[in-house]
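Each protein sequence line maps, in turn, to chains X and P. In this text, residue positions in the first sequence follow the numbering used here: the first is 1, and each later residue adds one. In this text, residue positions in the second sequence follow the numbering used here: the first is 1, and each later residue adds one.
Because the hints were derived from the structure by calculation, they are not lab data. Take the hints with a grain of salt, since some may be wrong.
Here are the computed lysine-lysine pairs in the DSBU-like style, where the Cα-Cα straight-line distance is at most 35 angstroms [unchecked claim]:
{"hint": "1", "chain 1": "P", "residue 1": "K141", "chain 2": "P", "residue 2": "K24"}
{"hint": "2", "chain 1": "P", "residue 1": "K24", "chain 2": "P", "residue 2": "K79"}
{"hint": "3", "chain 1": "P", "residue 1": "K141", "chain 2": "P", "residue 2": "K202"}
{"hint": "4", "chain 1": "P", "residue 1": "K79", "chain 2": "P", "residue 2": "K202"}
{"hint": "5", "chain 1": "P", "residue 1": "K24", "chain 2": "X", "residue 2": "K13"}
{"hint": "6", "chain 1": "X", "residue 1": "K13", "chain 2": "P", "residue 2": "K79"}
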Amino acid sequence: MSDPARETEVELKARRGRNIALALGLVIFVVLIFVVTLVRLRGNVIQPPL
Amino acid sequence: MAMATVHTTAHAPARWQDYVQLLKPRVMSLVVFTGLTGMICAGRAIHPVLAGVAILCIAVGAGASASLNMWYDADIDAKMRRTRNRPVPAGRVQGADALTLGVVLSIFSVMLMGMALNWLAAGLLAFTIGFYAVVYTIWLKRWTAQNIVIGGLAGALPPVIGWAAAAGATPFNAWLLCAIIFMWTPPHFWALSLYTSEDYEKAGVPMMPVVAGAASTRRQILIYSALFAPLCLVPAATGLGGPVYLAVAALGGLVFLLLAIRLARSHAGEARGQRNDDASPGGLYDVRAGARDARNLFAFSILYLTLLFATLLGEHLMGVAPLNLVSWGIPR
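Chain P extracted, bound-state conformation (with noise of 0.2 angstroms):
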């Protein structure tokens, strides 16, 4: 088994924003906020100091997973460009470092949670730490070019913990929000490494242009957009989402496959070289035009997914009846 053996140099000593870096707090900001939206979707009342403990459990859960993943790939990520200036394989943060932070995180986050709010919060959170770092980063992502897509069920999971938090459940509806992040992970992560192929090749992480090859690559972002964008709509149906979530969710499902058509007919992930310096901030987003309609599908990915949650947060929070378009009798 591949293992992080990482020879660094002397650096400048860390500081304690090295270790704040270990938890990926952009990650982290994505997941609390699919984590809310679970807990404000479930409907029930909650005290605001629990709901804040829930809120920060999943957060820290999070960071906690991240830093384990550090620990582990320190070795691959020292070989990417995106990833290289990461605290351990940078060398400011000691391997062993990283792992005791994520082992003592995610231990802390999981009693936090049990002792707080609910012991069925609290295994889902244990078993999302598990999902990330032990069959995502340990077994999956050096193994298959399905990593992403199975690894993706630990991203998927946020809401079904909120859900679980408030209501002590897991109904239907929070398993379709886990549903809808799960079955956007393929796009959204094909797009991107269909221009950033030559880092994973580097790296010798089986990612799917590296193993398939980019033509392949592009038209199963195709198949997974046409599985996805109608799996949006279905919240509108089972109670859980209200008119304005219907309408946002059809226009942008609607960009979003057309931008996957244009992607499947583009040559994006054939020519080398497509990123311009990924050093400055804008990094990811800036490439050459070969790889535009990629980054164009990536770069919608993640602002549909932010508007889709936000509507139904926002929904919930308003009170707007949601719909009920098929009266299957779930259980909300």
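Just chain X, same shape as in the assembly (with noise of 0.2 angstroms):
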């Protein structure tokens, strides 16, 4: 791994891009979690199946 305080400016700039897209892809991913709790607690909890 570099040494932080010798990247040059591309490096820098890659890694922000790098580090948004993981923070972008944990966001949609607690997300997609909690939609999906809202579906199945839907179907199986609030209108449980006769």
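Fit the two chains together into the complex; they arrive one by one in their own frames, and the hints show the way.
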């Protein structure tokens, strides 16, 4: 791993891009789990199968 | 056992786009398409959010196995013109990072599929990832000329996963879609490998033209095509495809067979250097005169499979009644 203090502008930009992509991925995953939980709860608990 | 060891020099730092490239987005789009077709053909009402999650899981699972493939195959990818610019052999992404990405995405996609849809679909997804990454990539690809025949099962399973996700079961018609892709794979890949065999030879991959020669490969393409074309008509007899599907399958199958016969009669794959520069986007299609019959079958195979699945998808979405030419009492 390169020393952050010695990173060039290109390396910094690439790292920032990777970090933003990872953060977005994690946020999407959390939202997805939340929405899936709501949908499954609605189907199985709020409206239980007869 | 061969193992991916690639010596790389200093390169530009990895951008997020390099990690996207590890997931082979173009292959992913075909997998999504066939998986969606299986899901729609299942004919079960499914919540749109859950349907979207199922497709996402299939896509991410395909991406995960692609990343594992790129980790393991970096050494042979570096030797082939078509693959040497991939992130790992080009040195932009470390092999360990590709492995980590593949493992993490595999776990996430399988667990999410299980929790959101059902564990049959999750199990099939896990099997598909494992089959592609371990059985095909690590074992078959470097060992036998039947690599893409057996390994083709991984590419053929997405419609079954989609069907299982929607219906919680995998009836005959789901496996029929799997069989169609499975039988399509050998003529498709061998037609391509007839004019890319030099690359495979250089990389030590025992593709059929490298091991058995061009003439034998052309003959085997014809045999598989003769089995594949009639198989594509079967959905019209089992309550899966309608009249439009039957017409597309019959006409397309005829063209497929004619192209396979032309290829069998040609000398494609016998001369060396049958490709022009593959640096261009159309590189796989830019061939010299001697390989045109192979290129034509390769290109048409993609079109034909796309048309077959698009027709099935369209018929089921528009509510076209499927034909049932033979009443076998097959559970749909």
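Going down the list of hints, with the structure as the test:
1. A hinted pair counts as satisfied when its Cα atoms are at most 35 angstroms apart, and P/K141 with P/K24 qualifies at roughly 18 angstroms.
2. For the hint pairing P/K24 with P/K79, the CA-to-CA distance comes to about 19 angstroms; that is within 35 angstroms, so the pair holds.
3. For the hint linking P/K141 to P/K202, the alpha-carbon distance of about 14 angstroms falls within 35 angstroms, and the restraint holds.
4. A distance of roughly 7 angstroms separates the Cα atoms of P/K79 and P/K202; the hinted pair therefore holds under the 35 angstroms criterion.
5. In summary, the hint linking P/K24 to X/K13 is supported, as the alpha carbons are separated by about 24 angstroms, within the 35 angstroms threshold.
6. About 30 angstroms separates the Cα atoms of X/K13 and P/K79, which keeps this hinted pair within 35 angstroms; it holds.
No hint from the list above goes unmet by this structure.
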